Amino acid sequence: MAAPVQTGDVAPRPLPSAPQRALAQLRRTVDTAPGRLRTAGILLTVLVLAFGTLAAWQVIGRARAADQVVSHSQPLSQNAAEIYRSLADADATAASAFLLAGDAPQSVRDRYRADLDTAARLLTESAARTGSSDAQQWVTALNRQLPQYAGLVETAGADNRQGLPLGGAYLRYASAQLQESMLPAAQRLAAAEAGRLDGDYAAAGSFPWAALVLGGLALAALVRCQQLLFRRTNRVFNPGLLGATAAVLAAVLWLAAGSLSVHSDLTDSRQRGALPLRTLDQARIEALQSHTAENLDLVARGASDTYTERWAAITGSLAGPPPADGSAGGSSAGDGSTRAGGGTLGRARTAAPGEADAALVRAQSLFTTWEARHRAAAKSNEQGDYEAALRTTVGTGGDSAEGAFTALDQQLAQAATAERTAFERSAKGTDGVLYSVAAGAAFLAVLAAAGVVRGLGRRLAEYR
Amino acid sequence: MRTAKLTGAALLAAGLLGPGASGAAGPAAVRSEAAAAAPQPTADLAGGCEDRTAQPSSNESGPKVQQIRRRGMLVVGVDQNSYHWGYRNPQTGRIEGFDIDLARAVAKAILGDPDKVTYLTVPTARRIEAIKSGQVDLIARTMTITCERWQDTAFSAPYFSSGQRLVVPKAAKVTGIEQGLRGRRACVADQSSSQAVLRQNPYGTAEVKVVENQLDCLVLMQLGQVDATLTDTVLAAAQVAQDPTVEQAGEPIATAHMGIAMKKEDTDLVARVNQVLVDYRANGGWRASYDHWLAASMGADPAEYLK
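From first to last, the protein sequence lines are chains A and B.
Each step along the first sequence adds one to the number in my numbering, with nothing skipped, and position 167 is 167.
Each step along the second sequence adds one to the number in my numbering, with nothing skipped, and position 35 is 499.
Calculated from the structure, these hints are not laboratory results.
Hints may be right or wrong, so weigh each one.
To give a feel for the contact side, a few chain A residues facing chain B, derived at Cβ under 7 Å [what the hints assert, rightly or not]:
#1 L100
#2 G157
#3 N160
#4 P165
#5 L166
#6 Y170
#7 Y173
#8 R301
#9 G302
#10 A388
Since this is a predicted model, take the numbers as computed values, not measurements.
Cβ atoms here follow ideal geometry from the backbone N, Cα and C, with glycine treated the same way.
Please put together the full structure from these sequences, using the hints given.
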C-alpha cells in the first residue's frame, strides 16, 4: 500500500533497496505511540490465541489416546491374552477328555467347546478392531490353524474310542501343533497388542509441555506490556489486560492440574491394572500348561519323558524353584508348602489390589495341594498303577489334581476380574477430563484475547 | 538244543514293539540290519547270540525265582502303545496284547495266578536300565535279541521272528521297498533300526522324517506329510490293523528275533522262563494268543514267525 508514496518521498536519498525501504516505512508507521500499541495488541492476541489452540490440540490428542487405552488397546490386549488362554485351556481340556474317554463328563466337553468358541470369537473381534498389520498377520495364522487343530483332536478322540493307540499319537501331534505353532502366534499377537497399549499409555499420559511453555510466554508478554503502559501513562491498572492475564494464568494452571491428575490416574491404572493383569495372565497360562503336561504324560503312557520334564520346568516358573532334592520322593510331598515361593504367582501378588491379592494367596495354597496330588499320581504311575494315577490326575471327584487345578484357575480368574475393575476405575473417564481441560483452556484463551483487544483498544482511542 | 527249541517252538511273538523295538536296537544291531538291508532279507540280526540263553528248567529254588514267589508279584516292563502287543485298551482300561499274555503265562507258572503281575511302562530308551537296576523282573516288550544287548542283559529263547517292513497307503500301489522309497518322503522312529537301515541305504528317498514313536509316522502318513513308513514287521502289522487304508509293501528285510529280557545274574529266572516258553508253545497258549491278537493282521498261518 505504501509503495507509491514512498517513491515520491524519498527521492533525494541514496538508493535503499525495496525491502529496506519497506522496513523503514513500516518503522515510521509503527514507531509512533499508537502504532506501537496496535502492534503490541496484535502480537499479544496472536500469542494468547496460539496458546489456546496449541493447548486444545495437544490435550485432545491425549484424550484420544486415553480413550484408546480404555476402549481399544486395553480390551484388545486383554483379548489377545484371552485367546492365548483359551487355546492353552483347550489343549489341557482335550487331554483330560481324552484320558477320561467315554467317562468324560459333559462339563469337560463343554469346556473344550467353549474354549474353541471363545478363541474363534475373539479372533474375529481382533481382526475387526485391531489397527496393527502385525496383529492381523497373527490373527490370520491362528484363524487358519484353529479348525485344523480341532480336526486333529476329533480324530484322536475317534481313534481312542475304537481302542486304537493311534489316538494317543494324534492327540500328542495336535498338542504339539498347538504348543509349537499356535501358542507362539498367539503370544506374538498379545505382544503386538501390548505394545500398542504401552504406546497409547505413553501418549495419553505425557505432559503438554509445548502448550505450557507458550502459555508462560504469553503471561510474560502480558506482564511486560502492562509495565510499559504503566510507565507511559501512569495508570496502574488496565482492566482489559489484567483480565487477560488472569485468564491465561488460569488456563495454564488448569492445563497443568488437569494433565497431572490424568497422568496420575493413568499411571495408577497401568500399575494396578494393566501390568498386574499381564503377570496374572502369565500365571494362568503357566498353570494351564503345567496341567497339559501332566495330562499328556498319561496320554503318552510312558512313551516319552518329555512331559515330566515340562511339568518340572513350568511349575518351577509358576511357583518358584522346588526345594532341594529331599522332598522329591513322593510320600513326604503330601504335607506342606515346600516351595520357596516367588515365581510368577509370587510376582503377580506385587502390586495386586487387595481383593486380587487375597485370591492369589488362596491360589498359592491350592498349588501346594495340586502339586501333592500330582506327586501322588506320579508315584502311582511309577509303581505301575495307571488306573490310580488316572483317577488322581483327572478324576471327577474334587480330590484330583484336576480338581485342585480348576480351583486354582478359578482363584486366578477372580484375581483377574478384580484387577480389571481396578484398571477401569482409574482409567475410565480420563478422556472426559482431558476433553474438558482442552475446552477450558480454549475458552480462557479466547477470553484473554478479548481482554487484550479491549484493554489496548481503550488506550488507542485516547489518541484519536 | 537251542536250535531244537527254537525250531520247535520258538517263537512267539512279539515283537517289536513299538517305538521300541525299533528304538532299542543298538549300534551293533543297526549295523547288522543295515548290512541286511539290501537284497538279502535273511541275514540274521541276532548274529547267533540267541543260543547264549540258559537251558529250560522247572527248578524254582534259585534266588530270583524265590524272591518273586516271596513277593507274590511278578514285575514286568511293558509298552502301552503297541497295538495288539502291549497296549492299554481305553474301553476296559486294561493292558492287553500278545506280550501281555506272555507275561501272564510266566506269572501263572511261577505264582500260580496270571493276574499277579505288576505292569510297569518302560520307555524304549530305558529298557536296559530298568533291567539292570532291578526295577523290573523281566521285560516283555517286543524287544529284539542282539549280541550288543547281551553284554548288558540276558534274553530268553526267541519267541517271535521279525524284521523291517515298509508301510504305505494302498492308493500308492507300491510293490517293493525300492519303488516305495525312491523319490518319496519316508518316516522312521528316532534311534530305531529302521533309521539305521535307511542311513546305510537310503533307497533314493527324497527326505527322511524322524519322529519319536513309529505311531507318529502313521499320523503323518494319514495327514499326507510323508509317503511311507519303515518300521519293524510286527509294528507294521499293528499300523495296518489300525488303518485299513494302508498296507505293508515289499518283502521284510533285516530279519531278527524277539526275546524276553532279564537281568544277567538271574540265570535261574532265565531257565524258568525258557521252560515256560517251551510249555506255552506245547500247550497251545502261543497259538491261541496269536490267533486272538495277531492272526487278523499278520496272517492265519504263523509259521514264518516261528522260524
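List of violated hint numbers, smallest to largest = 1, 2 and 10
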